[in-house]
Amino acid sequence: MKLILCLCLLAVTAFPQAGHAAGSDNLMQDVFVLDPVKVTRRMEEDRLDRTTAIVVEKNRSNNVADYLVRDPEISFKRKAAMGDSSDIISIRGMESKRIMLNLDGRNISSTGMSGGNYIDFGTIPLDNIERIEVIKGGSSVEYGNNALGGVINAYTRRPTEQPYFSVYATMGGWKDFYDFHNVRGSYAQKFNAIGLSVGLSHQHADPFFRNNDYDSFHFNPKLYVDLPWRAELTLGYNYSQTRRGLIRTNRNDGNPTSDSNPDLPGFDSPIDSNYPTASGESFAGGSPTPSMTVIGDGAHWTKYRHLMDFTYRQEFLETAYFELSGFKNSENRREKNYADIDARMQIKKGPDGFDPSKTKNGDLVLDRNVIVDNTHGFKFKTGATIHGHELMTGVEYKRLTPGPITVEYVDKNYNKAGPNKWTGKMESSEAGAPATVVGAFLADKFSLTDSLHLDIGLRYDSFSYSPDGQDRNYFGSQLSPKAMITYEFTENQSASLALYQNYRTPTIPELYWNSQSSSRDNTVNVPYLVGKDIKPETARGIDAAYKYSFGGKGFLKLSGFYYNIQDYIVHKPVYVNRPQSYQAWAAYNIDAEIYGATLSGSYDVLDNVTVKAAVTRQDSKKSNDPADPGGVMEKLEYIPDWKGTLGTTWKINEQFTLDTVLTYVGERSYYVNTAQLRKGTLHDYATLGASLSYKVDEHLTLEAYADNITNTQYEEAWGYPALGFNAGVSIKWEL
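Reading the sequence shown from the start, the letters are residues -21 to -1, 1 to 714 in mature numbering (1 follows the signal peptide of the UniProt record, and there is no 0).
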C-alpha cells in the first residue's frame, strides 16, 4: 500500500518528458455510439480497432441494456420485457453482481439489502446518453471489486457552445398498438464558463403478465463549471421514480405463493386467459408470510432513487491531471399489497388463524417502506505521461450502507400463517450493518516498440463487515496483478493477450444472508452451512483477441476467455427441512470455471449495405456446491451454450434505411426447484427483427419496427414467457 501511494506521488510530481505514449486500442473494449448523425466516416474508421458499433435509438430502446441485446457475449434473463429490476444481464457468464455499470465514471449499482443488490437498468434510461463502452473481462485495473465480468460505461453528452436539443418518442405493443410508450428529451449547451446537460423521460407499459404494469419518470441534470488554471467542476443529480406491479401467478395449480413444481395439476393452465401462463413474484426479503407472498390485484412497489455526485478535475504541466470525486446514493422502495381472499384460502393449511370474514378483496394487507441504499464514497485518481509511459494511480473508498425497513401497516388477520401463524405480526427492523470497501490501483501503459504495447497494473482491495447482534467479523484483502500485451502485426491486424487476477468482495445482501444461514440460530440457518463464513471471490482470468480490419470497410475479430473462480459466491434460496416454507435464503461459496470463444465481424458488401455477424460458444463448470452435493447441476445456471446474431443494414437511399437482425440463443440449464434439486433446460430459440427508418431531413427521423416477427415462443427466465410478435413506431427530432 505504501508503494502504491509513493508511486502516486511520483506520477503527480514528476515532470513529463517528450515521447510518444502507447496508442494501441483496447481489443477487450466495444463501443456503441448512439448518435450516428454526428459521427463522420473518418471517426468510424479511427475507432474500428475498438469494434465500434454505430447504433440509433430504435425499437423499444428504453435503457442502456436494450443496446446490448445483440452482443453474443451478453446474455439476458428477463422476467418482464420492461421494468425488470432483478438480475437480468450477464457478460461472459458473469451476472450483474460481477459487472460494474458506470455513468460518467460514477458507479450506479444499488447496494441492496435483504432482497439483493442489483443493477436497475430501468432507472438509467437514455435521456442524454451519447456513448456506451463495454469492457469485457477483468483486465482493467481501475475497475476492481465487482468487475469480474466486465464494465459498462455510459457517457452523457457534454455541452458545447452550440445548443443541442433532442426529442424521442416511441409507442407500440403486443396486443394493442398502445401497450407501451416512451418519451424522452435532452438539452445541452455551454454558456461561457457554465455548461448544462439535462435529460428527461417518461415510460409506461401495460401489463403483459398479470398485474405487471410499469411506469417510470427520470430527470438527470448535470452542471459543468470551468475554473481557473485548467480546472473543471461537475455536479450531477440523477432522479428516478419507478412504479412496478408485481407479477401475479397465472398458474391454476392451487398454490399462489410458489410455482416451482411443474408436476402440480393445473401448472400449465391459466387462471386468466387474457395473460400468458406464468409464475408469480413475491416481495423481496422479510419472512415468507401471506402479506409478502400472496400477491393481489394492484400489488406494487414504487422506487424513489436519488444519485448525487461531484467531480473536480485539475490539469497541470503538459500531460498531468488529478481528479477528486464523490457520490451519495439515496434509494427507498415503498411496497403495497392487497388482499385476494380466494388465493389466501388456498394456503390455509395446518395451524392458520385466518378469518376470511374479517378481510375483504382489495383491502390493503401490507404497506412497507424499505430504505435500500444510503451508500457514499470518494475516489482520487491522478495520471501523467512520462517518457512515453501513461501512468495512472488512485484510491477509492465506499461505505456500503443499507437502511431500515419500516412496516407502516400489515393486516394481522391476512398474515396469520408461516412464522406468524398465531399473531400475524410483521416487525420493522433497524438499518443493517454497513460494509467498508477500500481500493487502490496503479497502472502503466507503454510501448516496447512501435508494434508492441504493454499495459500492466496492480490493484489492492479490502473489505470489512460486522453483522449486527453477532460476535463475528468479516474482513479480507488482496493484491491483484494484471497485464495485457498487444502486438500490431500490420496497420490492419493486431492481437492482445491479457492475464490477470481479480478479487470480488461480497455484497451487503451476500454478507447479510451468509450471516443468517451460517449462524447457530435454528430458525434462520441452513444446517450444512453453520459456521461457514463467506469468503471473497478470487478469479484468475485469461482474455485473448485477434482482429483484422478491412481498410475501413469492416473487421473480423476472434476472441477467447477463461475464468477460474475460487470461492464463487452463490446467493439464492435453498431447501431446509423447516415448515412452512421449507426454504431459506443463503449465501455460500463454491468453485467455478467459465470459458468460451467468439467470432464476430462486420463488412460493407456494397457502398450502401453492411453485414454484421457474431457467434459465441461458452460453457461453465461448478464444484464443491454444498446445496447440490450429488452434482445434479454441473454448470452455472442460465449460461447459453451458443449465441449468435446475423444482421444487415441497407441504406436504400438518402432517406430510407432498413435494418434486420436474426438472433439465436442456445440451451440454458437451471434448477427447477430447491427441494427436489431437479435440473431443467430452457430450449434454444431464434428471433427475427426488422426496422425501417425514414430521414425526413437532417433533424427529423421516423421509424417503424417489428420484433420477434415469427412469434417464437421462448423464455429467458424459467416460468416467464417472453414477448411474442410486437411492433411499433418512433419519431426523433434533434437540433
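Among the hints, a few may not be true.
[Unchecked claim] Simulated crosslink set (DSS-like; lysine-lysine; CA at most 27 Å straight-line):
hint	residue 1	residue 2
1	Lys630	Lys591
2	Lys630	Lys514
3	Lys404	Lys337
4	Lys315	Lys328
5	Lys532	Lys591
6	Lys532	Lys551
[Said to hold, decoys possible] If you anchor each label on the Cβ, the simulated ranges turn out as follows:
hint	residue 1	residue 2	range
7	Ser407	Phe289	26 to 36 Å
8	Leu303	Pro186	38 to 48 Å
9	Asp342	Phe635	23 to 33 Å
10	Phe156	Ser407	44 to 54 Å
11	Phe295	Leu431	47 to 57 Å
12	Asp447	Thr689	28 to 38 Å
For the record, the hints were derived by calculation from the structure and aren't laboratory data.
For glycine and all other residues, C-beta sits at the position ideal for the given N, C-alpha and C.
Cross-check of the supplied hints:
{"no.": "1", "hint": "Lys630 / Lys591", "in the structure": "holds (14 Å)"}
{"no.": "2", "hint": "Lys630 / Lys514", "in the structure": "violated (54 Å)"}
{"no.": "3", "hint": "Lys404 / Lys337", "in the structure": "holds (16 Å)"}
{"no.": "4", "hint": "Lys315 / Lys328", "in the structure": "holds (25 Å)"}
{"no.": "5", "hint": "Lys532 / Lys591", "in the structure": "holds (12 Å)"}
{"no.": "6", "hint": "Lys532 / Lys551", "in the structure": "violated (47 Å)"}
{"no.": "7", "hint": "Ser407 / Phe289: 26 to 36 Å", "in the structure": "holds (34 Å)"}
{"no.": "8", "hint": "Leu303 / Pro186: 38 to 48 Å", "in the structure": "holds (46 Å)"}
{"no.": "9", "hint": "Asp342 / Phe635: 23 to 33 Å", "in the structure": "violated (56 Å)"}
{"no.": "10", "hint": "Phe156 / Ser407: 44 to 54 Å", "in the structure": "holds (45 Å)"}
{"no.": "11", "hint": "Phe295 / Leu431: 47 to 57 Å", "in the structure": "violated (31 Å)"}
{"no.": "12", "hint": "Asp447 / Thr689: 28 to 38 Å", "in the structure": "violated (53 Å)"}
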